[in-house]
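Given only the sequences and the hints, what does the whole structure look like? Please build it.
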Amino acid sequence: MDSKNLSSVLRSGTCLAAALTLFTGVMAAGTAFAQQSAPAADAAAPAEDGLEEIVVTARRKNEDMQKTPVAITALTGGDIEARGITSTQDLAQFVPGANVVGQASNGGRADRSFQAIVLRGMAPSTSQLQTASLFIDGAPVSNPAAIQTITDPERVEVLKGPQSAYFGRQTFAGAINIVTKDPTEEYSGSIDGMVGTRHNQDFSAEIAGPIIPDKLGFRLSAREFGKDGSYENAGVPGQTLGDQDTKNASLAIVLKPNDDLKIKLFGMFTDLDDGPPAQGLIGAYGVTNSAGQTLVANQSNCTLPTGNRFICGVTPGLSGLTPSANTTNSAYIKNFLANGSGRVINPDDGTQGYGLVARDYHAHLSADWTIGDTGITLSSLSAYNSVFSSELADLDNFYSTSIKSSSGEGFYNYPYLVEGRSHDWSQEVRASYEDGPLHLTGGLSWMDTWSQSSSGGGTTTLKSAISGATSDTTWSAFYGIGYDFTPWFTLNFDGRYQVDDMAAYAAPAGTTATNSAFIPAGFYPGGTVLLEKYYHNFMPRVIAQFNVDDATMIYTSYSEGVNPGIFNTSFLTAAASAVAVAEKNNLKVAVDPETLKNYEIGMKGKLFGNRLRYDLAAYYADWSNQINQQAYSYVDPVLGAQQVLASTNAGEVHIKGLEAEINAVLTKEWELDLSGAYIDSKIVKTSNSQVTALTGITDFSGNQAPFVSKWSGTASLSYTTPLPSLPILGDVEGFSRVDFTYKSGAYSDVANLVRTPATNQVNLHIGVKTDSYSIEGFATNLFNDKSYYSAVDGYVIDPTFAHLSTSFRGHRPAARTAHLGHPRQLSLLVPVPPGPEKSARAFSFGRMAAGGGPPLAVRGIMPAARKFVSCRWRPATAGPGVSTAGRNEEAKPVDTGARRLRGSLIVHDQRPRAL
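According to my numbering, the sequence shown is numbered sequentially starting from 1.
Just so you know, not all the hints are guaranteed correct.
Unchecked claim - Once the Cα atoms are required to be at most 30 Å apart in a straight line, the calculated DSSO-like pairs of lysine-lysine come out as:
1. K227 - K256
2. K656 - K710
3. K264 - K181
4. K264 - K61
5. K264 - K247
6. K533 - K710
7. K61 - K181
8. K256 - K67
9. K262 - K67
10. K334 - K227
Read the hints as simulated data drawn from the structure, not as lab findings.
Given below as structure tokens:
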């Protein structure tokens with residue numbers, strides 16, 4: 001392939017075609033070279049061996065995925081490494097029908113404080129709810145960020161549809177289960193290192209082996225990875241936005257005293273230390289200071305029937321003035337963060353500047369005892385999670401120090417501190433029976449969760465206040481009954497009966513109920529139970545399974561899911577005028593649970609001697625009693641224009657969808673993976689006073705639900721070929737892989753006013769390996785797709801509060817926050833020859849090549865592990881003066897005033913400006 005042909009393909013604008021052309025050209029040379037010699041003796045022969053069988057635990061037992069009547073996307077550790085999956089967003093790219101969105105309830109921030117995993121178009125409206133939950137070895141996990149901190153998992157199972165019967169609460173739309181590796185029978189280990197521009201780095205180490213041979217083993221891993229911000233702060237040259245640093249360690253100990261008993265202890269610690277997020281403001285109105293300097297560009301492209309100017313259609317790109325934020329640690333900020341009053345986090349442990357600090361602790365203990373040849377297995381699973389987070393944000397979202405005021409820094413800078421602490425315990429005991437045609441499972445579970453938060457900020461004296469804690473104690477009994485009536489027909493009845501005891505408590509300083517509408521008025525000392533409600537729910541699932549032959553299975557199922565209700569605790573301390581608004585609109589202090597009824601049919605099978613595997617599913621879901629956040633405006637006789645914020649059961653959505661996955665060994669050298677999903681999530685009824693105030697629209701029926709990509713798909717092609725044997729190195733194998741992922745744009749609101757652009761990403765992976773060595777190259781997001789993957793509504797706080805008084809109190813959105821995907825990344829993997837058997841060499845790093853070439857990371861390995869990790873390089877260079885030094889600099893005073901901002905859109909960008 002010559003440069004003229006490649007240029008022609010690139011000019012055509014078809015990213016996938018260009019990647020495949022490059023892919024074929026690179027490997028053609030290797031194929032021609034290989035034809036001159038005999039194939040390597042031990043080269044992989046996928047056409048002869050077929051596809052690898054994947055074992056899953058979707059029903060709390062080991063089953064062949066193709067014989068499990070549940071819609072599952074399963075990725076092995078090898079799949080994760082080959083696809084370059086390192087984050088929650090990466091995982092969603094390869095799961096048909098999955099999205100990841102930041103929540104408006106956390107200010108729509110482009111950070112890791114909270115990210116919701118959306119399956120089959122069911123996006124939660126608040127961070128108090130999750131429609132899909134995360135598990136490690138079946139044990140619940142509080143933080144979805146755990147996906148990107150587990151080193152080298154055995155596999156990841158994404159279970160779609162209600163999973164309440166076996167996984168319990170908050171698995172309304174599905175569950176993600178990360179299965180960790182057990183210790184190895186022999187000692188093995190690895191040390192991995194990666195460096196790149198903007199101080200990108202990723203170091204990890206792992207060691208595993210026996211403590212007592214065949215009885216007791218361990219696996220210990222540690223990892224630290226991080227990066228400087230990939231975007232510079234347009235308001236403060238020298239500062240970067242989007243810095244991230246993560247430390248993680250985990251330990252697994254497995255005891256097998258005999259063949260019938262297995263006990264596993266797993267513990268994990270994660271520490272996040274991030275700078276202020278990279279996010280930009282796209283304004284419907286421009287902002288200038290009194291000197292005429294533009295601070296926010298006017299990017300409005302529509303005027304709505306209400307007369308409100310805004311941004312419609314596909315959201316435009318960033319102006320040259322964004323992202324911009326006040327992020328320096330002035331004395332004003334330092335004094336605020338040093339004050340421990342009204343905070344749930346000790347100042348020494350919390351954030352020390354703008355950004356996020358979070359720590360997660362997770363541990364679980366599992367035991368499985370098979371009682372001889374009886375077919376009975378007794379199991380126990382105990383788990384504990386503890387999480388705290390501390391985040392300081394600049395809520396006005398633009399650099400405004402040129403606004404002069406006698407009121408001090410707070411007038412132009414709106415810092416806001418949000419902190420939270422939570423912990424939970426859970427226990428499950430289970431018995432199962434597998435013998436002949438009868439399959440039985442039964443168990444009991446208990447979970448106790450507690451959480452509390454504090455927040456505060458403002459424009460004058462900065463203060464934080466602790467809210468009352470909340471708790472949820474859940475008891476449940478679950479069962480699974482299956483019977484093989486014939487070799488080709490099985491009927492399964494699963495279900496869970498669940499009782500939630502939810503409670504809200506008075507704040508530590510006490511809470512004064514200002515009215516008697518919901519509880520008796522008066523003062524309640526700190527820790528007093530203010531509200532308590534029991535929710536009783538039964539969640540059944542029925543599955544009919546038809547085994548057409550040994551390689552084909554068809555199933556149909558009906559299942560129900562329930563998401564627990566929440567409290568509107570603000571009603572207890574509201575003014576009489578606000579209570580009157582709540583009563584007029586029939587608002588409840590205890591919101592009812594959401595419910596889901598799911599109807600599904602699927603087909604799984606293998607063809608051509610297991611050289612082709614397919615998974616197909618079609619479903620219809622009725623999502624009722626949907627919990628939405630609403631704002632109701634009113635005029636208080638003393639305070640003037642006000643609003644009541646409340647969660648209500650205001651929505652119903654009908655969802656129809658199709659999912660397909662195909663894996664095929666085409667020839668001895670070629671493998672193909674295809675997947676796709678179609679989701680039609682149609683709103684039947686809902687109300688959203690904020691969007692109504694913005695657009696004038698009151699009837700949203702027939703529109704698509706927000707945060708859902710209607711179409712998504714992936715296509716992956718891999719090629720493996722033997723190359724000539726080399727002296728000392730022995731047999732050599734060349735390999736290459738190209739991945740293409742697509743997601744259509746998702747609407748950001750129920751009016752379908754604005755949507756995100758479609759994402760098209762191409763990844764390339766090429767390398768050569770022997771039994772002990774490997775050289776690999778990676779290109780992630782090869783054509784540097786710059787689209788973002790979610791957007792949420794929000795408000796703009798302008799310095800004069802003129803806009804806040806008309807938008808926030810008028811309860812209409814004035815901003816959106818959009819998150820951009822990962823920029824292009826090129827990586828190179830280079831190994832160091834192994835040292836003595838079962839000993840690890842230290843790794844070192846090559847120097848930067850002249851003219852800004854790639855730094856090479858060299859690492860040592862243990863031969864038993866035979867793992868190699870890349871040193872990555874990026875061709876982009878940082879903008880002039882980009883560094884993180886400004887993060888702790890003192891603020892420098894500037895001058896003049898500003899005009900008000902009426903409407904805007906916030907965009908988060910992880911893209912290097914130089915690309």
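Q | Agreement of K256 and K67 with the hint, judged by alpha carbon distance not exceeding 30 Å | A | Answer holds: K256 to K67 is near 28 Å, not above 30 Å.
Q. Within a Cα-Cα threshold of 30 Å, do K262 and K67 meet the stated pairing?
A. Roughly 25 Å separates the two Cα atoms, so the pair holds.
Q. Straight-line Cα separation of K264 and K61 no greater than 30 Å?
A. 16 Å, holds
Q. Do the alpha carbons of K533 and K710 lie within 30 Å of each other, as the hint requires?
A. 37 Å, violated
Q.
Against the 30 Å threshold, does the CA-CA distance of K656 and K710 hold or violate the hint?
A. 10 Å, holds
Q. Is the Cα-Cα distance between K227 and K256 30 Å or less?
A. Violated. K227 to K256 sits at ~41 Å, over the 30 Å cutoff.
Q: Quickly compare the C-alpha distance for K334 and K227 to 30 Å and report which way the hint goes.
A: The hint holds at about 24 Å.
Q.
What's the verdict on K264 and K247, does the C-alpha distance respect the 30 Å limit or exceed it?
A. Roughly 23 Å separates the two Cα atoms, so the pair holds.
Q: Would you check the hint for K264 and K181, treating anything up to 30 Å between C-alpha atoms as holding?
A: 11 Å, holds
Q. Hey, K61 versus K181, does the alpha-carbon distance stay inside 30 Å?
A. 16 Å, holds
Taken one by one, the earlier hints fail for this structure at numbers 1 and 6, listed in ascending order.
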